[in-house]
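Colleague: So the chains spell out like this:
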Amino acid sequence: MREIIEIDAGQISPSIESVLKCQGIPENAIPDTRILRLAEEAISLFEEHGRPKAILREITKKDFENIYRGEGKNAEETPIESIYNSSDFLALFAVTVGEDISTLISRLFQENDFAQGSMLDSVASESAEKSAQTVEAIYENYLRQRDSFPDSYGILRFSPGYCGWHLSAQKKLFDFLNPEEIGITLRESCLMEPLKSISGVIIVGMKEIFKFEDNYWFCAECEDHSCRERIEHVSNS
Amino acid sequence: MEILKQISESLEKGDFNRVGELTQQALDQGLDPKVILDDGLIAGMSIVGQKFKVHEIFLPDVLLAAKAMYAGMDLLKPLMIKENIPSIGKVVMGTVQGDLHDIGKNLVSIMLKGAGLDVIDLGNDVPPAKFVDTAISENADVIGISTLLTTTMPVMGEVVEMAKERGVYGKVKIIVGGAPLNADYAEQIGADAYCFDGVNAVDCVKRFLGAG
Ligand code: B12
Ligand code: SF4
Chain A
148 MREIIEIDAG
158 QISPSIESVL
168 KCQGIPENAI
178 PDTRILRLAE
188 EAISLFEEHG
198 RPKAILREIT
208 KKDFENIYRG
218 EGKNAEETPI
228 ESIYNSSDFL
238 ALFAVTVGED
248 ISTLISRLFQ
258 ENDFAQGSML
268 DSVASESAEK
278 SAQTVEAIYE
288 NYLRQRDSFP
298 DSYGILRFSP
308 GYCGWHLSAQ
318 KKLFDFLNPE
328 EIGITLRESC
338 LMEPLKSISG
348 VIIVGMKEIF
358 KFEDNYWFCA
368 ECEDHSCRER
378 IEHVSNS
Chain H
65 MEILKQISES
75 LEKGDFNRVG
85 ELTQQALDQG
95 LDPKVILDDG
105 LIAGMSIVGQ
115 KFKVHEIFLP
125 DVLLAAKAMY
135 AGMDLLKPLM
145 IKENIPSIGK
155 VVMGTVQGDL
165 HDIGKNLVSI
175 MLKGAGLDVI
185 DLGNDVPPAK
195 FVDTAISENA
205 DVIGISTLLT
215 TTMPVMGEVV
225 EMAKERGVYG
235 KVKIIVGGAP
245 LNADYAEQIG
255 ADAYCFDGVN
265 AVDCVKRFLG
275 AG
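Going down the list, the protein sequences come from chains A and H. Just so we're aligned: the first sequence equals residues 148 to 384 in this note's numbering. Just so we're aligned: the second sequence equals residues 65 to 276 in this note's numbering.
Worth flagging that the hints you see were computed from the coordinates, not collected in a lab. Please note: incorrect hints may appear among the correct ones.
[Unchecked claim] Simulated restraints on C-beta separations: (1) E229/H <-> E212/A: 42 to 52 Å; (2) D179/A <-> P150/H: 33 to 43 Å; (3) D197/H <-> E258/A: 24 to 34 Å.
[To be verified] Mimicking EDC-like on lysine to aspartate or glutamate, the simulated pairs with C-alpha atoms at most 16 Å apart in a straight line are: (4) K168/A <-> D371/A; (5) K277/A <-> D155/A; (6) K131/H <-> D260/A; (7) K131/H <-> E258/A; (8) K77/H <-> D179/A; (9) K98/H <-> D138/H; (10) K200/A <-> E327/A; (11) K141/H <-> D182/H; (12) K117/H <-> E76/H.
[Said to hold, decoys possible] Sample of chain H residues with no beta-carbon within 10 Å of chain A, all distances over it, derived: (13) E66; (14) L91; (15) K115; (16) V118; (17) L143; (18) I145; (19) I149; (20) D166; (21) T198; (22) I200; (23) M226; (24) K235; (25) E251; (26) D267; (27) C268; (28) F272.
Yeah, the Cβ is synthetic: ideal placement off N, Cα and C, and Gly gets one too.
Same shape as in the complex, but just chain H:
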């Protein structure tokens, strides 16, 4: 459909005003919000992610596109909630207790939302129990934990232990990220995966959800 293609292309260019206008037009034409989201916004964001992966575009381009995506999503979300249309999955994200580094976590959240996932961002300095409690109460599929300091890395292990205690380990997947981490550390603490950036996190979460 032409308008969906236009949404996707305007999003790629980061033209947030145009994406907002076109999304409204598509709704006015009676298109299903889920179709606009999937075939317009997410389709555009997915091309942006691919281009970023092969270094054809750079971080600021991705973030301008994300702003455009949100301009469209802000119009669709209330309708989707009203019509009870489920998202493809829910992720609880946060930076661990003791750490305030949140730029990386924010970038990952933006990419996950761009892929159509619901993200509950707990912010920074998040106690282990809050990750697990929120995942349970919100029926989340994935917990994403971030830290940039070696001194706060062990807190990630505490989140994993707490997930075990509450009986959700394995059911709620746990992904970790941040500069001092690596896949070995993730394995050592029992996390399900280590992701080095947002695009990688999207691939990983989709794999867990069986959607990619």
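With the rest of the complex left out, here is chain A:
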């Protein structure tokens, strides 16, 4: 399957709490009303100017092996490698919230509206994450409808540039997926345009395959160890 998905911006606009967290405001802090107003305004700006889109394409293990290897710069061992080798379904994806949002953020900064610009930047980053979650859910639904996603299955996504998967794998990923069709292009440096875009692979298989320890060498540099929460979610789903 290969699908282009138009996402409603309202559906992926983030919660105020997640935006404030992204701004570095601790959960137990009580932000004043000015800050809350900035966050609300940023969310409504996003709902007006965000143009989220996604592309999703299933891929065989053999084809993915080549994409995963990329330019041969991955860490020697990664959690992704062992998981996809034991998986049953794989799909590549790319999502973007569009260029308009980045243009608006730049404009706010130019007009000295730094707090609003920075808040909108956080909203757009969070929304890009939520778009990726949405695509994951769409793929799960697609498999469920075909009775290919029993309760014993789990689903998890990974992106080049994380968890030992080198950013340079983006090139082969783009060759296969063609996200240019939804307006995402890749620079020589592997930067995607629009800036607020995410690419990666969605892996589906038995829940057990997703269990791994966060003790790879690159985990020492990882800020949030987000895999912990995500694999917990898999085992509880």
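Given the coordinates of chain A, work out where chain H with the ligands should sit on it, guided by the hints.
Modeller: Only chain H with the ligands this time, still in chain A's reference frame:
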């Protein structure tokens, strides 16, 4: 002086209209623009920076204060240029060629300006030569380079090499920042410092300028 204290306090609150009004009043009273800048605006911004450092206030508070600071600075800058009053230092900032991530670089620029430094922001996707050429032509004290991607990190090393070739290495200090970097990497490429955020960058630049 009362009015300078009021400027500083209004700035802390992020009240940009009030800061603009008070700055104009201070000028009308015949106060020296440099004094208004140092003892009103920069004094206020420095308290904001300190409070941010100890997590008493948060990023949006700092950015609201910065907007207020600019409201005052916009009135003072033309006068300071006319009267040839030098700033405490000049920094050339940019995101390296191949990278468009600029929020972090922008936040650092805002903090540096808030500390009274002149910042020449080259934007993003900046070729190595442009950093060095601008630093030379503008007689800058510091080059600040940002990147968020591992693939573009080596470009920072190219800026350092170019500074060596043009004979300004050591004279123009080079600071680097961005998520995938660390102090070891900065040292490895020969940069003068790695800074993890804007407040840290202000401390670092002031140290280089012997002003803090
Ligand atoms: C939010 C985020 C996103 C968002 C938005 C992207 C954006 N930045 O606009 C989304 C979800 C869209 C995203 C996507 C991707 N991301 Co991302 N993302 C982040 C994250 C979590 C925060 C970045 C951010 O905005 N920070 C807030 C700003 C204000 O901070 P900052 O830019 O770092 O700047 C501060 C300091 O670094 C410093 N500083 C910065 N520059 C300078 C310069 C000087 C001179 C000085 C003194 C200081 C200084 O001061 C600033 C203020 O405090 C970082 C991880 C992290 N902890 O930073 C990863 C990170 C940047 N992303 C990463 C990756 C891999 C990606 C993707 C490639 C993943 C993928 N395959 O889809 C894509 C790429 C997108 C693209 N367009 O190509 C990697 C990049 C490293 C690498 N491997 O190359 C990081 C580092 C995560 C990681 N693996 O550790 N990302
Ligand atoms: S700790 Fe971080 S780098 Fe390591 S596997 Fe988990 S998410 Fe990936």
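Colleague: Against this structure, judge whether each hint is valid.
Modeller: Evaluated hints:
1. Between E229/H and E212/A, the C-beta spacing of about 44 Å keeps the proposed range 42 to 52 Å intact.
2. Between D179/A and P150/H, the C-beta spacing of about 38 Å keeps the proposed range 33 to 43 Å intact.
3. For D197/H paired with E258/A, a C-beta distance near 29 Å keeps the hint of 24 to 34 Å intact.
4. As the CA atoms of K168/A and D371/A are separated by approximately 13 Å, the hinted pair is consistent with the 16 Å bound.
5. Simply put, K277/A and D155/A have alpha-carbon atoms about 11 Å apart, close enough for the 16 Å limit, and the pair holds.
6. A C-alpha spacing of about 7 Å is found between K131/H and D260/A, which places the hinted pair at or below 16 Å, so the restraint holds.
7. Our distance criterion of 16 Å between C-alpha atoms is met by K131/H and E258/A, whose separation comes to about 9 Å.
8. Annotation: proposed proximity of K77/H to D179/A holds, straight-line Cα distance about 12 Å (limit 16 Å).
9. Restraint check for K98/H and D138/H: satisfied, since their Cα atoms lie roughly 13 Å apart, inside the 16 Å limit.
10. A hinted pair counts as satisfied when its Cα atoms are at most 16 Å apart, and K200/A with E327/A qualifies at roughly 11 Å.
11. Under the criterion of a C-alpha separation no larger than 16 Å, the hint pairing K141/H with D182/H is consistent with the structure, at around 10 Å.
12. For the proposed pair K117/H and E76/H, the alpha carbon gap of about 14 Å is at most 16 Å, so the pair holds.
13. Even its closest Cβ contact with chain A, about 26 Å, leaves E66/H beyond 10 Å, as expected for a residue assigned away from the interface.
14. Distance check on L91/H: its Cβ is at least 20 Å (rounded) from any Cβ of chain A, clearing the 10 Å threshold; non-interface status holds.
15. With a cut of 10 Å on Cβ distances, K115/H stays outside the contact zone with chain A, its closest approach being about 13 Å.
16. Every beta carbon of chain A lies more than 10 Å from that of V118/H, the smallest distance being close to 13 Å; the non-interface claim holds.
17. The beta carbon of L143/H sits about 19 Å from the closest Cβ of chain A, which is more than 10 Å, so the claim that it is off the interface holds.
18. The beta carbon of I145/H sits about 19 Å from the closest Cβ of chain A, which is more than 10 Å, so the claim that it is off the interface holds.
19. Every beta carbon of chain A lies more than 10 Å from that of I149/H, the smallest distance being close to 22 Å; the non-interface claim holds.
20. The non-interface label for D166/H is inconsistent with chain A: the shortest C-beta to C-beta separation is roughly 8 Å, within 10 Å.
21. No Cβ of chain A comes within 10 Å of the Cβ of T198/H; the nearest lies about 20 Å off, and the non-interface call holds.
22. Even its closest Cβ contact with chain A, about 26 Å, leaves I200/H beyond 10 Å, as expected for a residue assigned away from the interface.
23. Listed as outside the interface, M226/H is consistent with that label: its C-beta sits roughly 18 Å from the nearest C-beta of chain A, beyond the 10 Å cut-off.
24. The Cβ of K235/H sits about 30 Å from the closest Cβ of chain A, beyond the 10 Å cut-off, so the non-interface label holds.
25. Consistency note on E251/H: stated as away from chain A, and its beta-carbon is indeed over 10 Å from all of that chain's, at 17 Å minimum.
26. Once the 10 Å rule is applied to beta carbons, D267/H is consistent with being away from chain A; the minimum gap is 18 Å.
27. Every CB of chain A lies more than 10 Å from the CB of C268/H, the least distance being 20 Å, so the non-interface label holds.
28. Residue-level check passed: F272/H sits 25 Å from the nearest beta carbon of chain A, beyond 10 Å.
Consistency note: the structure conflicts with earlier hint 20 alone.
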